Every structure is written in structure tokens, then in C-alpha cells.
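2 protein chains.
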Amino acid sequence: MYFEAIGQMKKMLGQLDKWLEAAGTYAQTKNFDPNVIVGLRLAPDQFAFARQIQSCCDSAKFAAFRLAGKETPKQEDNEKTLDELRARVRSTIGLLDGFTAQDFAEAATRKVAQPRWEGKWMTGPDYFLEHAQPNFFFHLNHAYAILRHNGVNIGKRDYLGPLSLHNP
Amino acid sequence: MYFEAIGQMKKMLGQLDKWLEAAGTYAQTKNFDPNVIVGLRLAPDQFAFARQIQSCCDSAKFAAFRLAGKETPKQEDNEKTLDELRARVRSTIGLLDGFTAQDFAEAATRKVAQPRWEGKWMTGPDYFLEHAQPNFFFHLNHAYAILRHNGVNIGKRDYLGPLSLHNP
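First to last, the sequence lines map onto chains A and B.
Positions 2 to 169 (the numbering used here) are the ones given, in order, by the first sequence.
Positions 2 to 169 (the numbering used here) are the ones given, in order, by the second sequence.
So here's chain A without its partners, still in its complex pose (with noise of 0.2 angstroms):
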């Protein structure tokens, strides 16, 4: 199930790339800096739309990385424009394409710890489940909404992305 939560991940970054990709688009058409929207913010005492990015990528990888039980590859959160957004969030699907469902195999009973806990820990489930995952979504769907909340043409299908339907 984690090998598939992870996927889930690497889909929906997928689909914030094609909204990055809209922002460019729609800052064309309107005519003004595309760059402008790496710093818009929904409230002031929130992080910009380019740390939102960030972090919902850094959310995706340490949670893969953390389950697996391997050294997660530092990034240096240096990105400035919707391009270098971009490349960011293809980075991320990369290292997340470089899992099996085996590196997963003993994420049920692997502890997590990070730096900011001071030596406490989680399960891997709870961290999955607590921290993880509503962290992604939280950062994913702050880009969303600050580009809905600008004038974006996006929608919930953009948000989704495709279904895995089947024929009656």
C-alpha cells in the first residue's frame, strides 16, 4: 500500500507540473512576469507559492525515502522561477520513479525521526498517515488555490487528473 500512496504522490505531482505549466501560460496571455507568481501568498504569515512547491515535493520524498529506510538526497530549495518550479517537481517524480513495492517491504515496522522531533519518533504507519500524507496535501493544494485565487484556468479535472475507469 505504501509502493501505491507513493504513486499516488508521483501522479498528483504529475498534475501540479501541468498547473505550473497553465501559470506560464496564463501569465503570457495577460501579459506580465510569470516569475511574479513564484511569490504570491494566500495570507501573509503564510509561505509563498514557490516554498509551497517545495515543501509538497520535500514531502513526497521523505516520505519515500523515510519508508524505505534510505538517506533522502538534499535539495537547496534555490528555485526562483516557474521553470526552475518545474524542473523541481520533475526531479521529484525522478527519484520517486526509482522505488519498488520490496524498498516498502518493512515500512510497518520502521521508526521515523526527524531533526525538528529532538530524538522522538513515529511509526512508519502514524508518520505516513499523520504527517506525511496531510502535509503533501496541504502544500499541494496551497498551489492550487493560490493559482485559482489569481486567475489560473484550472479546474478539478486538472486537479485529478485522469481516472482509472473501466467499460460497463
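These are calculated hints, taken from the structure and not from any lab test.
If you're wondering where the values come from, they're calculated on a predicted model, not measured in any experiment.
Errors might be hidden in some of the hints.
Copies of the same chain are indistinguishable here, so a pair counts whether it falls within one copy or spans any two.
[To be verified] Simulated crosslink set (SDA-like; lysine to any residue; CA at most 25 angstroms straight-line): (1) Lys-157 <-> Gln-47; (2) Lys-19 <-> Lys-81; (3) Lys-71 <-> Gln-29; (4) Lys-11 <-> Tyr-160; (5) Lys-71 <-> His-167.
For this one, chain A is given, so just place chain B on it according to the hints.
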């Protein structure tokens, strides 16, 4: 895993109830009608706050009942006040409380359909990962974002809620 994932939704709905409480307190402090919040939205062509809450609750309710192969109880979507929205959230938590792990024993092999799909169907796992869970988090986070955008005093800890941390 479905039982645990529905448990995650139940926990997040409990957090949502706290945000609604904070919204009421904010209205009192700033001396405006708390039910103004019910009609707020982030974009003119997005759902207003009330419908974000109703859709969030329904995503969780449908996920549980459909994956358990039970008929989903209908609700009216007639909430017009913050208090009525809190009651809706709590009644949804109450419905989810009625499920046991055993109820989801056949979820992985279940076929899920809904009227909008015109006869087409999804497997239980695809429905949950591609549709129910992303929709749940979509509406949950849009409700949160609407409140933050309008100055309600909530933060990331109120979003995540308590974490099951263990001592070293």
C-alpha cells in the same frame, strides 16, 4: 489499510471542527456576523466555504460506505451557519465511527461506481487513491485556505493535530 485511511479522515475532520470553532471566535473578536464565513470563496468560480465543508464530509462518507459495500446515507446540504456546518462535520465523524476494520475486508476487490460515471466503474483501490482521498484533501484544504486567507487564527499545528510521537 483502508480502515486506517478512514481513521485519518476522521482525525482531519476533528481538526476541521476546531478550525470552525476558531472561525467563530475570530468573528466574535472582530465583531462581524460569523455566518459571513459560510459564503466566502477564494475564486468566484470555486465552491463557497459551506460547500467545501459539505464536499469534504461527503468525500469521507462516500469513501467509507462505498469501500464497505454499504448504502450511503443521504444528507441535505442545507447548512447555512457555522454551527450547522460544525454539526455536519460531527455527524460525519459519527458515521465513520460506525466502521470496523472488518468492514473493509473486501475493499481491494470491490467495484465502485457513481451516477456521474454513467455506468463506468473503478476498482476500490483506484477509487480511493485517485478520487476519494485527493478530493477529501482538496476540500479540506480549501476550507482551511479560505479561513487563513480571511485572517482566522489557525496554523500548521491546527491542521495536522496531535502526532503519535514516542519518546527516545
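To see whether the hints hold, each was checked on the structure:
no.: 1; hint: Lys-157 <-> Gln-47; result: both (23 angstroms within a copy, 10 angstroms between copies)
no.: 2; hint: Lys-19 <-> Lys-81; result: within (18 angstroms within a copy, 36 angstroms between copies)
no.: 3; hint: Lys-71 <-> Gln-29; result: neither (41 angstroms within a copy, 49 angstroms between copies)
no.: 4; hint: Lys-11 <-> Tyr-160; result: both (13 angstroms within a copy, 23 angstroms between copies)
no.: 5; hint: Lys-71 <-> His-167; result: between (37 angstroms within a copy, 21 angstroms between copies)
Checked against the numbered hints above, the structure violates only hint 3.
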